[in-house]
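Could you put the whole structure together from the sequences, leaning on the hints where they help?
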Amino acid sequence: MRSLMDRCCSRCTHSPQTPCKDYVLCRRDGPFCHDDPECKRRRKAWLNSRFPPPGSGQRRLLVCGGLTCGAAGSFSLPEAFRKAIEKAGLEEQVTVTLVGCLGLCEEGPLALVMPERVLYCRLKLEDVAAIVEEHFKGGKPVERLLFRDDTGKTYPFLPEIPFYRKQQRVVLERCGYINPEDIAEYIAAGGYRALTSVLFSLSPEEVIEEIKKSGLRGRGGAGFPTGKKWEAARRVPSSKRYVICNADEGDPGAFMDRALLEGDPHAVIEGMIICGYAIGSDEGYVYVRAEYPLAVKRLRIAIEQAYAAGLLGENILGSGFSFHLHINEGAGAFVCGESTALMASIEGNRGIPRIKVPRSTEKGLFGKPTVLNNVETFANVPLIILRGSQWFANIGTKGSKGTKIFALSGKVKHTGLVEVPMGTTLKELIFDIGGGIKGGKRFKALQIGGPSGGCIPEDMLDLPIDYESLTGAGAMMGSGSIVVMDEDNCMVNTARFFLNFTERESCGKCTPCREGTKQMLNILERITRGEGSPSDLSLLEFLGQVVKATSFCGLGTSAPNPVLTTLRFFRSEYLQHVTERRCSAGECMALRRFVILAEKCIGCGACAYVCPVKAIKGEKKKPHHIDEKVCVKCGRCFEICRFQAVKRL
Amino acid sequence: MEEAILEEVVRIYRGKPEKLIAALLALQRHYGYLPEPALRTLAQELGVPLSKVYGVATFYAQFRLKPRGKHTVCVCLGTACHVRGSEQIFHALKRELGVEPGDTTADGRFTLEVVSCVGACSMAPVVVVDEETHGRLDPEKALALLKKY
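Chains R and F are the protein sequences, given in the same order.
No gaps in the numbering here: position 84 of the first sequence is 84 in our numbering, and each next residue is one more.
Numbering-wise, our numbering comes out as the position in the second sequence, counting from 1, plus 1000.
Please note that the accuracy of each hint is not assured.
[Stated by the list, open to error] Calculated pairs, DSS-like style, for lysine-lysine (alpha carbon to alpha carbon, straight line, at most 25 Å): (1) F:Lys1016 <-> F:Lys1070; (2) R:Lys240 <-> F:Lys1094; (3) F:Lys1094 <-> F:Lys1070; (4) R:Lys633 <-> F:Lys1019; (5) R:Lys166 <-> R:Lys438; (6) R:Lys614 <-> F:Lys1019; (7) R:Lys368 <-> F:Lys1019; (8) R:Lys356 <-> R:Lys153; (9) R:Lys124 <-> F:Lys1148.
[Unchecked claim] Pairwise CB distance ranges (calculated): (10) R:Lys427 <-> F:Lys1147: 39 to 47 Å; (11) F:Lys1066 <-> R:His326: 53 to 61 Å; (12) R:Arg165 <-> F:Glu1132: 31 to 39 Å.
None of these hints come from the bench; they were simulated from the model.
Note that beta-carbon positions come from the ideal geometry of N, C-alpha and C, so glycine has one too.
Here you go:
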């Protein structure tokens, strides 16, 4: 028995062709069809090697194989560890596995030693030998590779690290702790039990009722009650219905869905099958971005394994219920995050939204009733079934139940993937979990919800994370991207950046979005070039309101949000641009001026060397000067000068 | 143009107009871009008007109608990269390569591209060369990166 999925002996009667309702439970706690202590022992041995119990002497090293850690070099670590472990003769005691995202991306590549949960940060190939020698052989964690806070204090154990302490990881519970390419580990960790209980003990109506009672709302942005959506689709008489998972995570700054698909793809698949059972559908699609090749690969493996185990396909576990799942790769269009545009795309068309009466739950994909939820929403479903709607409803606030996963990035110290209960304040998220601002700079704003969201200033950081509070502030929950900005970020330029994005991504169907975003972008570009006038601000506000009120789909109705919120909360910065022609953050290139202070310049020539346009002239060891007519204001002289002789005006 | 690849794609998707995007992705994976003759054949075999094939191919950011260079240098201009200075990197690369996004250097070595987010926000700013993601860059490091290819 090399895997939990293999037959323990010849008496095991299970195969995908002979489905059995006890299959999932039997894998871990069985065998049930025959009694043999040896078969039980083999199962236990396999489980202990994957999930070593404390005190057993067994260890498992989990190397983060998320995109970020991978890019930082983690993919080559497992092989190096295996070799070193073999050399030390420890292959019986220590196993190594590449897993999904462990969360603290800033400190990657990460590796976690189980069962003691010692976390190693910023690993390099050179560190492998030390960990094997000192930790696996000597029993003492390698101090210099542990997480270290600003004061220099080290934290050996993951749960004690401030980044993890305030989190509540339930949807991400398995992410980073199991091999995402092995269905056996998902099953060993309790996976597919929710599906089993749904198929054999709940009616479709009861499943919908349970989801409704939990209070789960869509995690993709708008927050529509999931149970209500399922019920609506079930009610429409039809011989065919579809389930779609929206994994077209298009918000720049969002990587929650990528992490879930890379780290725990079966949770999403299980949620989709349960949805299929509840609404009476036998076919589903995962619409995933082609920009996420690793997520596509892991999802593909997961689907193949689920088919091989008989958990997808015809007559699942002998229940009579069938469900088929396809992957549909997107081709790069932000508007395809909009449900009707996404369906148009699956049908092979340009991703252009249609009017929403009838709703997708009545006439969706190929004209059939369709439920479309996002990745995180589906991943919540098995948890609700398994632990009960009451358990779920006890987490969070009155109107927003459960937890929410956020992708924390920008100028925050600990960038990464976090999961917190709804109701957590933005301050806790940025300062307690995120560790505050990098490099001793001052917090300026956070941008939540991607291009559809808004920018929230410092005095509003006590805002709790729930759908209504954020919408009230002119922002929105969105899918969960949070980008932190500090004093060096210009809010006008930030608004221009988002408009540039939405203008480019507008599908062009309706005039307010197509033309309105273009005009707003023109004005913002004018302002950042230093050519704006005070009347531009009211014009921007007016245009923003019109685009918001009259656009066809969610892209247009939310596109003005970054502009309107920055105008509301950071008006003085706009005024500085249009009256003083100044950008105090120094981000607006056209408004920058650089001069060399003669009294500080020692004439080292470093600035002249890096200047891409040779605008800096001067003799060696004598003060240099910048030719402003040639200067392209890139600021590389400013960054390279070690004597603070280059001044930004 | 290798005819065998086109034939294979046509064989899989013939008569399935809803598979247009999948077929285009498959073609691009092999050719690196979408050659016009292949699009004409595909339109015929799938049973969709050529105008629609062109419409779809120009709608989605992933598709390219021009051949690409040996290496693709893709600068992420997502929010997280933006706030950590990706615009400077983009300008530096643009100046160094002397091409606009979507275009290829005269020697055919590099094609410059931009993308709105690759989801590697925690190591922003990011540049993806071919399939390899490079993070925590500045203009200096980004230019040095080109020398590796």
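Check: Are Lys1066 of chain F and His326 of chain R spaced within 53 to 61 Å by their CB atoms?
Finding: violated, 31 Å
Checklist line | Pair hint Lys240 of chain R and Lys1094 of chain F, alpha-carbon separation not exceeding 25 Å | finding: violated, 51 Å
Notebook entry, point to check: Taking the CB of Lys427 of chain R and the CB of Lys1147 of chain F, does the distance hold inside 39 to 47 Å?
Noted result: At roughly 44 Å between Cβ atoms, Lys1147 of chain F and Lys427 of chain R fall inside 39 to 47 Å, so the hint holds.
Check: Given the hinted pair Lys633 of chain R and Lys1019 of chain F, is their alpha-carbon gap at most 25 Å?
Finding: Since the Cα atoms of Lys633 of chain R and Lys1019 of chain F sit roughly 48 Å apart, the hinted pair is violated (cutoff 25 Å).
Checklist line | Arg165 of chain R paired with Glu1132 of chain F, Cβ distance criterion 31 to 39 Å | finding: With Cβ atoms ~34 Å apart, the hint holds.
Next item on the list: Assess, step by step, whether the Cα of Lys368 of chain R is no farther than 25 Å from the Cα of Lys1019 of chain F, and give holds or violated.
Entry: Satisfied, since the Cα-Cα distance of roughly 18 Å is no more than 25 Å.
Notebook entry, point to check: Holds or violated: are the alpha carbons of Lys614 of chain R and Lys1019 of chain F at most 25 Å from each other?
Noted result: Violated: Lys614 of chain R and Lys1019 of chain F sit about 52 Å apart, past 25 Å.
Next item on the list: Quickly compare the C-alpha distance for Lys124 of chain R and Lys1148 of chain F to 25 Å and report which way the hint goes.
Entry: Holds, at roughly 20 Å.
Next item on the list: Given the hint that Lys166 of chain R pairs with Lys438 of chain R, test it: the Cα-Cα distance must not exceed 25 Å.
Entry: Measuring from Cα to Cα gives roughly 20 Å; hence the hint holds.
Note to self: Would the hint linking Lys1016 of chain F and Lys1070 of chain F be met if the CA-CA limit is 25 Å?
What the structure shows: violated, 33 Å
Checklist line | Satisfaction of hint between Lys153 of chain R and Lys356 of chain R, Cα-Cα up to 25 Å | finding: violated, 55 Å
Note to self: Against the 25 Å threshold, does the CA-CA distance of Lys1094 of chain F and Lys1070 of chain F hold or violate the hint?
What the structure shows: holds, 17 Å
Checked against the numbered hints above, the structure breaks hints 1, 2, 4, 6, 8, 11 and satisfies the rest.
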